[in-house]
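Enquirer: Here's the letter readout for the chains.
Protein chains: 2
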Amino acid sequence: MKPKIGFVGVGIMGYHMASHLLDAGYEVVAYDVFEEMLKKIVAKGAEGASSCKEVAAKTDLVISMVPDSPDVEKVALGAEGIIEAAREGLIYVDMSTIAPGVAVKVAEELGKKGVRCLDAPVSGGESGAMNAALSIMVGGPEDLFNEVLPVFEIMGKTVTLCGDNGAGQTVKACNQIQVALNFIGMAEAFVLGAKANVDPAIILKVLSGGYAQTRVMDARGPKLIRGEFEPGFKSKFHLKDLNIIMETAKELNVPLPCTAVARQLFNAMIASGRGDLDHSAVINIIEDLAKIEARTSLE
Amino acid sequence: MKPKIGFVGVGIMGYHMASHLLDAGYEVVAYDVFEEMLKKIVAKGAEGASSCKEVAAKTDLVISMVPDSPDVEKVALGAEGIIEAAREGLIYVDMSTIAPGVAVKVAEELGKKGVRCLDAPVSGGESGAMNAALSIMVGGPEDLFNEVLPVFEIMGKTVTLCGDNGAGQTVKACNQIQVALNFIGMAEAFVLGAKANVDPAIILKVLSGGYAQTRVMDARGPKLIRGEFEPGFKSKFHLKDLNIIMETAKELNVPLPCTAVARQLFNAMIASGRGDLDHSAVINIIEDLAKIEARTSLE
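Heads up: the protein sequence lines correspond to chains B and R, in order.
Numbering of the first sequence is given in my numbering, commencing with residue 3 and proceeding in unit increments.
Numbering of the second sequence is given in my numbering, commencing with residue 3 and proceeding in unit increments.
These are computed hints drawn from the structure, not numbers from a lab.
Check before you lean on any hint, since a few could be wrong.
Because identical chains share one entry, a pair is satisfied inside a single copy or across any pair of copies.
Here are the simulated DSS-like pairs of lysine-lysine, each with C-alpha atoms no more than 25 Å apart in a straight line [stated by the list, open to error]: (1) K55 x K4; (2) K252 x K293; (3) K6 x K159; (4) K207 x K159; (5) K225 x K293; (6) K242 x K252; (7) K76 x K60; (8) K252 x K76; (9) K4 x K42.
Between the sequences and the hints, there should be enough to build the whole structure, so can you do that?
Expert: Structure follows, in structure tokens:
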């Protein structure tokens, strides 16, 4: 029998993910702090609830997709949270990107009440959510992973068990380090090239054809040299992730010299009003510093 | 009629490159400051010379493949250098990786004597040289590029005209920025993951399968998690390139915040006696800082 699924947070990502579950024939009980969002998924066939507690009381498996660590703590452990309807047999899967330490804490606290937990952050952004093509990085017990796998496979294309609770969030953090530095490498390379009057289209062709190739260059390089920075994945969200990463690095005593600089450059994205642009737009910060547009030599 | 080719610098890279020219039926006159090296290419069929001047006097097209900017200045403009045999019709192609500004200066100085010049640095390393699979980035006049193209195609697989004199070196610099930051992203990601007890094989699988993918991760990731750092491309040469890049950035007034940190990390490679390891071994520096081996959790 299909479990009844609760879905907390039906914003840009959550709406698509919950929709796929409805389309697959699951009963979904949804909650969102924004009434607009809730109405949208109810119109699609979900039952609306008025709190996380109510969602948890009415379902077997609660999924959350909310902005940040404090939101997850509130959903899971706060007043009117899942913990107030906690019971043996309930499953909680947080798919937000949050601090690994918070994922571990939530799993421990809910675990005391018999709730079994997974952290399962995703990559792939809105288009991944819309096309059920997300990459899902899961932390938690293997038997629980196997139990929830059919549900993950409705929302994502690649689902990987990464280790114990928190490991999904850790691998997501690793992913975001690499993506940030790939973009900054592209940014610094293109700005240096522009200052030396080299056509960025040539730089893109040579770099993407060789050892310097990155998937973000393949995906965003052509847009970048046309000055197109519509998201994709917004800079303010990548800054959030970098903040989580550096906070985690502090807890674990891991010096991350380049990631630390990356965070400052993404901080400058927000300071200059570019938080809603794609993360590839970090090149704008290097351009500002160098007082040049890296695309000026392109015709 | 095939031009007679001079080859200055027949070390690890130059030996293979000159060999391909000999195999293709070109007459080659070679010179190297190390007599051992010269003997090796003479044994292969080249004529040995005792100076760059002599090489230039006896040939139509001189190629050089030497370590750094001062070496190229010496080869081209120094005592017993090409300039002492400079004449209308002579072509000089420097394939070393040097400062774009020095490439421009050499082209200007030799240009005054009627010598036409290209800068044509390569990527692909020793295996690229051995297999005639180098990527060649060329700066200089288009007609000269087309004239020399058949010679380039004997040594390389991808040959790209990047712009005027110096543009080949600029694009090589861009390439080395991106490669360095791709490696450092991988290093910081894997060390963070290791400190959080996540199996590096899982991190590699997830990152290389998604938006974080880089060609250096595909090529060196599996070796990295086995602790294998045989070069490939030696760290000390990547440091040389990063020094060129930051010197060029200073001349052009381009702030490169992450590349600047990258240089310091590669500097630490030399300080810790790791200059002869592959550049992927920059992870050892982050491991040293964090007092952990990023591979300890792998079984």
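Enquirer: Each hint should be assessed against the structure and marked as holding or not.
Expert: Structure-based check of each hint:
| no. | hint | in the structure |
| --- | --- | --- |
| 1 | K55 x K4 | within (21 Å within a copy, 83 Å between copies) |
| 2 | K252 x K293 | between (34 Å within a copy, 14 Å between copies) |
| 3 | K6 x K159 | within (22 Å within a copy, 58 Å between copies) |
| 4 | K207 x K159 | between (30 Å within a copy, 14 Å between copies) |
| 5 | K225 x K293 | within (21 Å within a copy, 41 Å between copies) |
| 6 | K242 x K252 | within (15 Å within a copy, 32 Å between copies) |
| 7 | K76 x K60 | within (19 Å within a copy, 80 Å between copies) |
| 8 | K252 x K76 | within (23 Å within a copy, 49 Å between copies) |
| 9 | K4 x K42 | within (23 Å within a copy, 73 Å between copies) |
Of the numbered hints stated above, none is contradicted by the structure.
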